[in-house]
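> Residue-level listing of the chains:
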Amino acid sequence: MKKLIIANKEFNSRLFIGTGKYSSNEIMAKSIEASGTEMVTVALRRVDIQNPQDNMLAAIDRKKYLLLPNTSGARNADEAIRLARLARAATDINWLKLEVTPDPYYLLPDPVETLKAAQILVKEGFVVLPYINADPILAKKLQDAGTATVMPLASPIGSNQGIKTRVAIEIIISQASVPVVVDAGLGLPSHAAEAMEMGADAVLVNTAIATANDPLKMANAFKLAVQAGRDAFEAGAAGVKNQADASSPLTGFLRD
Amino acid sequence: MKKLIIANKEFNSRLFIGTGKYSSNEIMAKSIEASGTEMVTVALRRVDIQNPQDNMLAAIDRKKYLLLPNTSGARNADEAIRLARLARAATDINWLKLEVTPDPYYLLPDPVETLKAAQILVKEGFVVLPYINADPILAKKLQDAGTATVMPLASPIGSNQGIKTRVAIEIIISQASVPVVVDAGLGLPSHAAEAMEMGADAVLVNTAIATANDPLKMANAFKLAVQAGRDAFEAGAAGVKNQADASSPLTGFLRD
Amino acid sequence: MKKLIIANKEFNSRLFIGTGKYSSNEIMAKSIEASGTEMVTVALRRVDIQNPQDNMLAAIDRKKYLLLPNTSGARNADEAIRLARLARAATDINWLKLEVTPDPYYLLPDPVETLKAAQILVKEGFVVLPYINADPILAKKLQDAGTATVMPLASPIGSNQGIKTRVAIEIIISQASVPVVVDAGLGLPSHAAEAMEMGADAVLVNTAIATANDPLKMANAFKLAVQAGRDAFEAGAAGVKNQADASSPLTGFLRD
Amino acid sequence: MKKLIIANKEFNSRLFIGTGKYSSNEIMAKSIEASGTEMVTVALRRVDIQNPQDNMLAAIDRKKYLLLPNTSGARNADEAIRLARLARAATDINWLKLEVTPDPYYLLPDPVETLKAAQILVKEGFVVLPYINADPILAKKLQDAGTATVMPLASPIGSNQGIKTRVAIEIIISQASVPVVVDAGLGLPSHAAEAMEMGADAVLVNTAIATANDPLKMANAFKLAVQAGRDAFEAGAAGVKNQADASSPLTGFLRD
Amino acid sequence: MMPTLKINGEDKNFENVPSTLKNLLEILKVDEATVVAEVNGNIIPRNSFNNTALHDGFKIELIRFVGGG
Amino acid sequence: MMPTLKINGEDKNFENVPSTLKNLLEILKVDEATVVAEVNGNIIPRNSFNNTALHDGFKIELIRFVGGG
Amino acid sequence: MMPTLKINGEDKNFENVPSTLKNLLEILKVDEATVVAEVNGNIIPRNSFNNTALHDGFKIELIRFVGGG
Amino acid sequence: MMPTLKINGEDKNFENVPSTLKNLLEILKVDEATVVAEVNGNIIPRNSFNNTALHDGFKIELIRFVGGG
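Heads up: the sequence lines are chains L, D, S, W, Z, A, R and V, in that order.
Quick note on numbering: the first sequence equals residues 1 to 256 in our numbering.
Quick note on numbering: the second sequence equals residues 257 to 512 in our numbering.
Quick note on numbering: the third sequence equals residues 513 to 768 in our numbering.
Quick note on numbering: the fourth sequence equals residues 769 to 1024 in our numbering.
Quick note on numbering: the fifth sequence equals residues 1025 to 1093 in our numbering.
Quick note on numbering: the sixth sequence equals residues 1094 to 1162 in our numbering.
Quick note on numbering: the seventh sequence equals residues 1163 to 1231 in our numbering.
Quick note on numbering: the eighth sequence equals residues 1232 to 1300 in our numbering.
It is possible that part of the hints are untrue.
Stated by the list, open to error - Straight-line distance between alpha carbons at most 30 Å, and here's what the computed DSS-like set of lysine-lysine pairs gives:
id, chain 1, residue 1, chain 2, residue 2
1, W, LYS798, W, LYS831
2, D, LYS396, S, LYS676
3, L, LYS217, D, LYS372
4, R, LYS1168, R, LYS1184
5, L, LYS140, L, LYS63
6, R, LYS1191, D, LYS286
7, V, LYS1253, L, LYS63
8, D, LYS473, L, LYS3
9, S, LYS635, L, LYS164
10, L, LYS63, L, LYS3
11, S, LYS635, D, LYS372
12, R, LYS1191, D, LYS379
13, W, LYS771, S, LYS542
14, D, LYS372, S, LYS542
15, L, LYS64, L, LYS3
16, L, LYS241, S, LYS753
17, L, LYS164, W, LYS798
18, D, LYS497, L, LYS217
19, S, LYS753, L, LYS140
20, D, LYS319, D, LYS497
21, D, LYS497, D, LYS286
22, S, LYS753, W, LYS985
23, L, LYS241, W, LYS908
24, W, LYS770, W, LYS908
25, A, LYS1105, A, LYS1122
26, L, LYS241, D, LYS258
27, W, LYS831, W, LYS891
28, D, LYS497, L, LYS164
29, W, LYS1009, D, LYS396
30, V, LYS1290, L, LYS116
31, L, LYS217, D, LYS379
32, W, LYS798, L, LYS140
33, D, LYS420, S, LYS628
34, W, LYS832, S, LYS729
35, D, LYS420, L, LYS164
36, W, LYS891, S, LYS729
37, W, LYS891, A, LYS1152
38, S, LYS628, D, LYS396
39, L, LYS2, D, LYS396
40, L, LYS140, L, LYS217
For the record, the hints were derived by calculation from the structure and aren't laboratory data.
Given these sequences and hints, build the entire structure.
In structure tokens, the structure reads:
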């Protein structure tokens, strides 16, 4: 499998993992390992003063996994920028999953505020991976603004609906000069494989693994599916046909 | 992964491979190996008297791969039965992929003749794996007649269209007391993964691998996808949601 | 709109209506009228001795609507044939919707018993309209047996899922020498329009109208949709394109 | 059918027609009439000095059809605003289909420039109907900016692919306080009916009608389909079921 | 034991078995114009209802059209 | 050098520049009722065509409605 | 007329018909280990090839496995 | 009135305001290695926690990483 390169960093795995919704830090850590990922997203939240002990970060081996802080909760560019700076202060890295979601119900990204924040954060030296609606024009503006990737959504986050934006994502991939990471809504390994077969460079998965009955097994399933989809893309699939095409020879039949 | 059992035989791989359409016996043999399969289908045809040397069977290691002769070319039950008996005479095994396809263009299976042939061949001691349209009633009749599996088609053979009969296959799986093998039309690893996620027991793939630019890589891709789909089925995926469901916490936001 | 001809009878409407599940005979009658149909299906059941008055037939104007008795409830060919003969004895017509559904849960048709019954009933002079799974080979056998139409299902009856068997129905239409009536599962007018655009000759609808909040309005909606779909088929739609194709001219732009 | 109201103007037809790509002004005029529309879009282009006679506007009865000038060709907000002002100067009306499409290949709308232009044009008193990607957040920003509708695309313009953005359009409809007009990519009447069944307030069609073999018949087909879809929406369709639901009674069977 | 007719699968006792199918329908208050009947497995044309004799133990099916799809 | 008007992006030479926009349209045989015009970036109302003077080097845009979606 | 065998649907003439199926395969250079044979509609086990006599007019099918799906 | 710090949006009263951010974290039993802090809107590098003086009325945000997608 060809290596993935984002902002000059090489990745052997094309599966990125979100760390939310796990029933325990231990299951999270084991699922991360089972997924074979090399990059995991994390969120920033206020310390609970009543219960200040919990520290999920301790469960993540920073030598093996690049941390990708997100700006979840930001409703506009200013809030996202503030979170980005805090994230950088808290870690030694400047990678960032930029998300700006004004609507609390569908949690869909804001194209205008996301672009605005991206332009500023790129200037501040962040490696910006923006989460966006499947909008080819917006994707182009972001890559022109210097983002390290574009991350169009497959369907509403956490919905497990799979790729409901296929036509737009195909256009984004055909026009992209930066890696395209399909994010949000991938509910099954077949969805992840489909994204990779379409030519996506990577996928990001959280809910489908964290909420499975057996997260470790599901993490492994996504690992295999992403490899399968990428291999298929590299192997060059034959096209779709409207009629049938016999697998067995059409001559030499046993007839009288 | 839970082992697959057909007619008391255990399989570690849930991917079956067709041997047609390969550019050479060597590429076929290597693709079979890359797929990790344990069962491969073959067809019976008249020897070409002008050129009697070619012998593809020599390229298949019978110790590693169970041969599954098919009755391709049979247009009715009688022709299928004749081919079945020849296949058994030619090998030391009695497994058979039963296919009866009167129509040379779409190569779709004949429900009546297939059932008729199955009833006779089961009585003659064959292990019958019938290739059928995605027809739940027919599937039930065949399993009642003692076939070892049912093999509903995903879409016309060789068309690479993927699963175009999803609703019917879901019903077949829900009613089956024998393994369900999805056959024909699976064009991409994501299609195979989808079939396994639905609860299919195995899939049979030929054209998608044999006609890929890189058959070995595609064979491996299908191997991974089938494992991924089966693991996902066993891992118990969470359901689809219409609204979003945040991966990051919805509390503790940094607000003034 | 080209007229539909079945067994030498002309139809101006390509929408057939089922009479089940209506909240009253009056709403049924008004819905039938709103639909513009010329043929309605009815079922045969034992008279309820405790309550022998109800007579839905009185609500149907036999001069305007051809009765199409069905064999619903028949689990095999013999039961279907018995019902067919009773239906003919009860009416002055010999048209019959043949359905054989051994499974009480999904109510899917039995290909073998349906074909067997069709062959006998055609010989007895019935105009047979068989309800079948979307199986092109079976459809061909039935038309060869002399049925007046074939009626493949779109999805399980009453499920409102729409056309889940598109690939198979397209093949049936391409091979049919008798009218193809898409039956079962059409839940919305767009589903009926899609069937007609594909080239189906007619559709049969019951549940979607009878169980709508406003059956009369829904009946009219299906009437319009069937006309729309047929007109579109006759008008010759332009094909699907992968890229865009401007509706406004690509020259004469106002540029400096 | 409930009347559609946009910017206090009542419409009896929920189908809007584009005037591009017709083989002649006469066929355009007859197709417009056959469609029953009350609003037609037009574009602005430089007069061809070599051939200054052609005047398509003469073919459109301004008493029967409201003109909706578009800003096609505009690559950014400034060009769109310039075209908007010219359109208003050329006509006595201030309605405008706002489209900003920087990319000449897929002709997809620019979210940022479209919003920018909309904010300015609303202030200048235009009735703005913006053509947008199916982006619920952007749709909300535009309605907050005072646009008269939002017009999300179904699929790339002129592609006839139908509704490839269903999930996003459903969200837009659920959140909209202004009419939602589905624009671009509707290739068949069933696509238009589907949009209306989803609860869209209207649809805009051009290519599918103008490029049909028989544009008049296709215009009528879309007219019927839009009525059908709207009626179905108002009639309240029953939901989709996974299992079957018999249309005929499940009691009173003729059994021994 | 009282004489019996098996009607639509259920035994029904009578002081005296109705002499004809027509009588039976009258007793059951079933409008003969709306039904089709089988007696011992044979379909009886409507115009023969009144000359179709019934006897103890006969199996009778009375069928009618209902709404169906 | 001859006087020039830039019309719809292209230079056009004239012996004498038409005195008004109205004259220009007449020379070009463009029905004024069907066009909207810009002169040097300013939109000219149709009823001002005949009192809009033109001079060498002016930029003129003549726009018209065409079929569009 | 020369003696003939119908092999895989085609008539083939011989000076003298090969005495056994085994001889025929040798003449045709077909490796017997790779084929299954029918003679006049009866399947011949491989170990009987050498004692299956052939005569003028016999119908012989020589079948072999090929790639198939 | 007691001196107050606004911590994560909520007022918290103290007999005496902790002298430094480091003291505050100790009092709150928050492991300083796991948090990032803002004081009056300015981000405080971790190595400056112990020389960041606090006074009555200061607004303090204590932030930490949690699981997120």
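> Could you run down the list of hints and mark each one as holding or not?
Results of checking the hints against the structure:
1. In summary, the hint linking LYS798 of chain W to LYS831 of chain W is supported, as the alpha carbons are separated by about 15 Å, within the 30 Å threshold.
2. Only pairs whose Cα atoms come within 30 Å are accepted, and LYS396 of chain D paired with LYS676 of chain S is accepted, the gap being roughly 21 Å.
3. Between LYS217 of chain L and LYS372 of chain D, the direct Cα distance comes to roughly 42 Å. Violation of the 30 Å bound is thereby established for this hinted pair.
4. As the CA atoms of LYS1168 of chain R and LYS1184 of chain R are separated by approximately 16 Å, the hinted pair is consistent with the 30 Å bound.
5. For the hint pairing LYS140 of chain L with LYS63 of chain L, the CA-to-CA distance comes to about 33 Å; that exceeds 30 Å, so the pair is violated.
6. For the proposed pair LYS1191 of chain R and LYS286 of chain D, the alpha carbon gap of about 28 Å is at most 30 Å, so the pair holds.
7. Simply put, LYS1253 of chain V and LYS63 of chain L have alpha-carbon atoms about 28 Å apart, close enough for the 30 Å limit, and the pair holds.
8. For the suggested pair LYS473 of chain D and LYS3 of chain L, the alpha carbons sit about 16 Å apart, so the restraint of at most 30 Å is met.
9. This hinted pair does not check out: LYS635 of chain S and LYS164 of chain L have alpha carbons roughly 51 Å apart, beyond 30 Å.
10. Restraint check for LYS63 of chain L and LYS3 of chain L: satisfied, since their Cα atoms lie roughly 19 Å apart, inside the 30 Å limit.
11. Restraint check for LYS635 of chain S and LYS372 of chain D: satisfied, since their Cα atoms lie roughly 23 Å apart, inside the 30 Å limit.
12. Note on LYS1191 of chain R and LYS379 of chain D: the hinted pairing is violated, with a Cα-Cα distance of about 37 Å set against a maximum of 30 Å.
13. Taking the CA atoms of LYS771 of chain W and LYS542 of chain S, the gap is about 24 Å. The hint holds against a cut of 30 Å.
14. Our distance criterion of 30 Å between C-alpha atoms is broken by LYS372 of chain D and LYS542 of chain S, whose separation comes to about 48 Å.
15. In summary, the hint linking LYS64 of chain L to LYS3 of chain L is supported, as the alpha carbons are separated by about 17 Å, within the 30 Å threshold.
16. Distance check on the hinted pair: LYS241 of chain L and LYS753 of chain S sit about 17 Å apart at the alpha-carbon level, within 30 Å; holds.
17. Our distance criterion of 30 Å between C-alpha atoms is broken by LYS164 of chain L and LYS798 of chain W, whose separation comes to about 38 Å.
18. Note on LYS497 of chain D and LYS217 of chain L: the hinted pairing holds, with a Cα-Cα distance of about 22 Å set against a maximum of 30 Å.
19. With a C-alpha separation of about 23 Å, the suggested pair LYS753 of chain S and LYS140 of chain L falls inside the 30 Å cut-off, and the hint holds.
20. Between LYS319 of chain D and LYS497 of chain D the alpha-carbon distance is near 47 Å, which puts this suggested pair outside the 30 Å criterion.
21. This hinted pair does not check out: LYS497 of chain D and LYS286 of chain D have alpha carbons roughly 42 Å apart, beyond 30 Å.
22. Between the alpha carbons of LYS753 of chain S and LYS985 of chain W the distance comes to roughly 22 Å, so the proposed pair stays at or under 30 Å and holds.
23. Note on LYS241 of chain L and LYS908 of chain W: the hinted pairing is violated, with a Cα-Cα distance of about 41 Å set against a maximum of 30 Å.
24. For a cut-off of 30 Å, the pair hint linking LYS770 of chain W to LYS908 of chain W stands: about 24 Å separates their Cα positions.
25. Pair hint LYS1105 of chain A plus LYS1122 of chain A holds up; C-alpha atoms about 15 Å apart against a cutoff of 30 Å.
26. With a CA separation close to 34 Å, the supplied pair LYS241 of chain L and LYS258 of chain D exceeds the 30 Å bound.
27. In summary, the hint linking LYS831 of chain W to LYS891 of chain W is supported, as the alpha carbons are separated by about 27 Å, within the 30 Å threshold.
28. For the hint linking LYS497 of chain D to LYS164 of chain L, the alpha-carbon distance of about 13 Å falls within 30 Å, and the restraint holds.
29. Between LYS1009 of chain W and LYS396 of chain D the alpha-carbon distance is near 23 Å, which keeps this suggested pair within the 30 Å criterion.
30. At most 30 Å may separate the alpha-carbon atoms for a hinted pair to count; LYS1290 of chain V and LYS116 of chain L meet this at roughly 28 Å.
31. Using a Cα cut-off of 30 Å, the hinted pair LYS217 of chain L and LYS379 of chain D is violated, with the two alpha carbons roughly 41 Å apart.
32. For the suggested pair LYS798 of chain W and LYS140 of chain L, the alpha carbons sit about 41 Å apart, so the restraint of at most 30 Å is broken.
33. Restraint check for LYS420 of chain D and LYS628 of chain S: satisfied, since their Cα atoms lie roughly 28 Å apart, inside the 30 Å limit.
34. The suggested pairing of LYS832 of chain W with LYS729 of chain S holds, with an alpha-carbon distance near 28 Å, which does not exceed 30 Å.
35. Among the hinted pairs, LYS420 of chain D with LYS164 of chain L is consistent with the structure: their alpha-carbon atoms are about 17 Å apart, no more than 30 Å.
36. Restraint check: the Cα-Cα separation between LYS891 of chain W and LYS729 of chain S comes to about 42 Å, which exceeds 30 Å; the hinted pair is violated.
37. A distance of roughly 28 Å separates the Cα atoms of LYS891 of chain W and LYS1152 of chain A; the hinted pair therefore holds under the 30 Å criterion.
38. For the hint pairing LYS628 of chain S with LYS396 of chain D, the CA-to-CA distance comes to about 18 Å; that is within 30 Å, so the pair holds.
39. Restraint check for LYS2 of chain L and LYS396 of chain D: the C-alpha separation of about 46 Å exceeds 30 Å, so the hint is violated.
40. In summary, the hint linking LYS140 of chain L to LYS217 of chain L is not supported, as the alpha carbons are separated by about 37 Å, beyond the 30 Å threshold.
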